[in-house]
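Using the hints, position chain P against chain E.
If you want the building blocks of each chain, they are given just below.
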Amino acid sequence: MKKIAIGLYAAVVVALMIWGFYQAIYVAPDDAMQGELFRIIYYHVPSAAVAFLFFAVSLAGSIGYLSYRRSHPERAQGADAWALAGAEVGVIFCTVVLLTGPLWGRRAWGIWWTWDARLTTTLVLWLIYVSYLLLRRFAAGPQVQTLAAVLGIFGALDVPIVYMSNRWWRTQHPAPVFGGGEGSGMAPAMKAVLGWNMLAWFAWGILILVLRYQVERRHQINASNEALDALEG
Amino acid sequence: MPRALWTHLVKDLRIEWRSLDAIISMLFFSGLVVVLFSVAFDPRGEFSQRIAGGVLCVATMFASVSALNQAWAREIRHNVMDAQRMVPSPGAELYLAKVIVNFFFVSIVQVILAPFFFIFYNLHIAGQGWLLALVLPLGTWALVGNGIFFAALSITSRNREFLLSLILFPIFIPALLAMVQATTAILTGERDPTLWIKLLAGYDIIFTTVSLLLFDVVLHAE
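Heads up: the sequence lines are chains E and P, in that order. Note that my numbering gives residue 135 to position 135 of the first sequence, counting from 1, and the numbers run on in steps of one. All you need for my numbering is the position in the second sequence, starting with 1, plus 233.
Chain E on its own, in the form it takes in the complex:
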């Protein structure tokens, strides 16, 4: 039953992504200033949104693990699996953002990279979560989950500070398009296309996230079974 549900969901996701791609490439109008180039926004922005959401999932998982590790060990294991899945899939989406950003920047600004607030914050975020994954890989033994949860909290704490510090340093990235000041906002036709692509990428991200979560849960169960066998044998 579970497998059928996941299969059905995956089919819907694929359909959504095809629809999103069609909308982004063939339906959305050209941008007044940037022309065709602008279409990369339909990949860049959703990926960034998904990455940030999944890092938030990872933070929630870390906090959950630390608060439940004594009282509800089983629930804590689940929280830890969410923390790991969120960090891993988040890093993938963040990588997509860091790859599509320079491609866009090269044409729009004439430079591949600039050390502005949002670019630097995204890069530092990526570095922090890569270091989180490295810690999980290098640290051995049962304490790794606790240590990783602590690092997850530290990393998340750092993000607003990085953002503020870089804003004071310099900023080149365009001002917020949505909810910004005068002259912000998008044409309705573009907004609809961006909405479809947001939905498609979120659906795709969640599919991967849930699969990764299940794999990690299975790992945990296998590990605890092995430990139990070793104790009994």
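Calculated directly from the structure, the hints in this document are not laboratory data. For each residue, glycine too, the CB sits at the ideal point set by N, CA and C. A portion of the hints provided could be inaccurate.
[To be verified] Some chain P residues judged to face chain E by a derived CB distance under 8 Å, without partners named:
1) S322
2) S387
3) R391
4) N392
5) P403
6) P407
7) A411
8) L452
9) A454
For chain P alone, coordinates are given in the frame of chain E:
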């Protein structure tokens, strides 16, 4: 002052006083970084004023990593770490003692290094020089406070020496930025460093508080 904190403090100071391992290696290493940077960038005139702050901060950062690793590594021998876990006093005191001691060591290194630095880079302070006495300690506290915490966090892992740099540097980035910007602003006298000093102070308060709160979790991780 709590007794456990005082005991740890005196113990670590005494160990360091007998060998001077940490201070000598940090001093030599940071001196080397300063020389290497001057060879690589050939700093003269205006340019040297601009990069000097960055070089000083990065040199301190690289040099302190070895001391930070040593801070916990010397507790592993004879299972001292396990003994520390069984002590009834809060882990926060142990953490704070380690931070104070290492902060002291890194500050000594900075004070000794500073004159050489001024000579090699032909520096003159155009801004308010006394502010450096605020910026450098704040930045060093950020570095050592986080460093001691992450060194404890990575102590049980494989290749822990390497891992410490990998997890410390990304999180230290905003503090490094603030430290470098403030130092450069003071050296060149072109800008006002107040904003960056505030950021450093905020960073110190936030991370020291969280480290004190979470240190027991890391110490007793199982």
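Requested in this report: Any hints from earlier that this structure breaks? Give me their numbers in increasing order, please.
Outcome: Hints 1 and 8 contradicted; others consistent.
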